[in-house]
Structure formats: C-alpha cells, structure tokens
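J.: Quick note on numbering: full-length UniProt numbering labels position 105 of the sequence shown as 105, and the sequence is numbered without any gaps.
Worth double-checking, as some hints may not be accurate.
[Stated by the list, open to error] Label-pair distances were calculated between CB atoms; the ranges are: (1) 165 <-> 237: 38 to 48 Å; (2) 101 <-> 153: 17 to 27 Å; (3) 17 <-> 153: 21 to 31 Å; (4) 101 <-> 81: 51 to 61 Å; (5) 101 <-> 152: 57 to 67 Å; (6) 198 <-> 153: 20 to 30 Å; (7) 195 <-> 159: 13 to 23 Å; (8) 166 <-> 195: 17 to 27 Å; (9) 39 <-> 59: 18 to 28 Å; (10) 227 <-> 195: 26 to 36 Å; (11) 210 <-> 157: 23 to 33 Å; (12) 216 <-> 237: 45 to 55 Å; (13) 70 <-> 40: 18 to 28 Å; (14) 198 <-> 159: 35 to 45 Å.
Read the hints as simulated data drawn from the structure, not as lab findings. Ideal Cβ positions, reconstructed from N, Cα and C, are used throughout, including at glycine.
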Amino acid sequence: MCHHVHKSFLTTEWTDFRVCSHGWSPDSRYFYTATTFPRVRVDNGFKLFKYDGTGPVVSESRTEVYDLQFRPAAAGVYPNRPASPRAKESVRPTVRPCLSYRPPHSTGALADLLRREDGAGSRKLDRNKYAPSNSAVAATKVIPGLDAPVVKKPSKSEKKKKAIEAAEAKAELERVTQALLAQTLPDEPVVLTPEEKQKKAKAIQKKLKQIADIKAKQASGDTLNDDQLAKVGNEPTLLAELAALA
1 MCHHVHKSFL
11 TTEWTDFRVC
21 SHGWSPDSRY
31 FYTATTFPRV
41 RVDNGFKLFK
51 YDGTGPVVSE
61 SRTEVYDLQF
71 RPAAAGVYPN
81 RPASPRAKES
91 VRPTVRPCLS
101 YRPPHSTGAL
111 ADLLRREDGA
121 GSRKLDRNKY
131 APSNSAVAAT
141 KVIPGLDAPV
151 VKKPSKSEKK
161 KKAIEAAEAK
171 AELERVTQAL
181 LAQTLPDEPV
191 VLTPEEKQKK
201 AKAIQKKLKQ
211 IADIKAKQAS
221 GDTLNDDQLA
231 KVGNEPTLLA
241 ELAALA
C-alpha cells in the first residue's frame, strides 16, 4: 500500500517540479514534500498530506529551508494498521463477445442493399462535376523524381519589347483599316460647319495633350502599356487631321 500511495504522490497534482525532498512519517499516516535551499532558492517551504492523499493539512512557506525530516521512532512504537478498505468497484459494462467474420452475401445485407438501389432508380452522373480543372491537371504533370519546372518570368526589357511590337501591330492594323475605308468612301469630301470643325479640333487637341503627357512619363523612365503606346503611334494621324481642319 505504501508503494502505491508513494507513487500516487509523485505523479499527481500534490507535488510539482520544485519539490526537493519527500518522505513518510514513522506511523505511515502522513507524507511530506519540501522545497529546500540551496537547490531551489525561491518558494522554500513544505506541505504535509494524509496517507490517502487528502490535504495539504499543513502548508508553510519560509525564506530558506535547509532540510526537513520526520523525527525517527523506534520499531514497535507505531503498530501496523490494517489495510484501508477499497472503494466499491463500479459495475463493469457488458462486453459483447467477438463474433467470427461473415461475408455480406451470407447475411443478406448485400441483397438488401441492391434492392434499395434498384428501387431508388438509376441516376445519371455528371462527368464534368468531379473532373479536375485543366489548370489543376497541368499543375500536377510533374515527372516523379524530378523537381517541378521553374516558370521564368519575362524581364522588364522583354515586356517593353512585346508592348512596342503590339503597339506597332495595332497601329499597322489601324492604318490598313483606314486605307480600306478611304477606298470605299465617296470622292465627295464631307463639308463641316465651323462649329463642327471647332468641336472636332478641340477633341483632337485633347488627345494630343494626353499623348504629350504619355511621352513625358516615358521620358522619365516609366513603362508604357499597350493602350498608351497605341496612342503615341496615332499622333501623326491626329496632327494631320488637325492641320486639315485649320
């Protein structure tokens, strides 16, 4: 019994990591724990518990405790007491015996399942519902044992080159489109009133001012996008239209 209670004291909340010494009283009715100096220089003190773990019945804190022991007693002074009665054991739950494995077809469960499925009717499954997306499939196509391919990002000069090429292609397309439209237009020029000429000239001047701002940004080192490059490429056409309105 002493060994069991001693182990219980050392593994439960009655002690902590600061305990330096412990022991039983000569009559085996009390158990002490102590935090002593100089092994632990803070929280010195001791606690006294009853043999069944209740307590502490005594708890004192001291600035410094160098040692703590029960005063020894001669053999026979405290006769052995009978063992304490154990608590009544709770009723154990009934454990179902392990049965041997029986396949589903022998128990009839499989037949019941098939009958339920037949009664529910067949359902048409959507193949695309659970199909992975193209991006997910492409991302998982990696050869086992090799690292995933590193996607190289285009440099700033490459981006600028592609933007210039796109702007030139767009300007060329607009030039060809205007040439085709000029061929289909009648030979008679469209006569504009002075108010219409003034209104159109203001619109062209507004576009030319935007182009001037874009050129200033480009001169300061900013990278132009496709729309900005297209506007810059359309500057000669706007100047020609403005000169025609004068």
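J.: Take the hints in turn and mark each one as holding or not.
T.: Status of each hint after checking the structure:
1. 165 <-> 237: 38 to 48 Å: 20 Å, violated
2. 101 <-> 153: 17 to 27 Å: 59 Å, violated
3. 17 <-> 153: 21 to 31 Å: 55 Å, violated
4. 101 <-> 81: 51 to 61 Å: 54 Å, holds
5. 101 <-> 152: 57 to 67 Å: Given a distance of about 58 Å, which is inside 57 to 67 Å, the answer is holds.
6. 198 <-> 153: 20 to 30 Å: Cβ of residue 198 to Cβ of residue 153: about 49 Å, so the range 20 to 30 Å is violated.
7. 195 <-> 159: 13 to 23 Å: With a Cβ separation near 44 Å, residue 195 and residue 159 fall outside 13 to 23 Å, so the hint is violated.
8. 166 <-> 195: 17 to 27 Å: 38 Å, violated
9. 39 <-> 59: 18 to 28 Å: 19 Å, holds
10. 227 <-> 195: 26 to 36 Å: 30 Å, holds
11. 210 <-> 157: 23 to 33 Å: The hinted range 23 to 33 Å holds for residue 210 and residue 157, with Cβ atoms some 26 Å apart.
12. 216 <-> 237: 45 to 55 Å: 21 Å, violated
13. 70 <-> 40: 18 to 28 Å: Since residue 70 and residue 40 have Cβ atoms about 21 Å apart, the given range 18 to 28 Å holds.
14. 198 <-> 159: 35 to 45 Å: About 41 Å separates the Cβ atoms of residue 198 and residue 159, which means 35 to 45 Å holds.
Taken one by one, the earlier hints fail for this structure at numbers 1, 2, 3, 6, 7, 8, 12, listed in ascending order.
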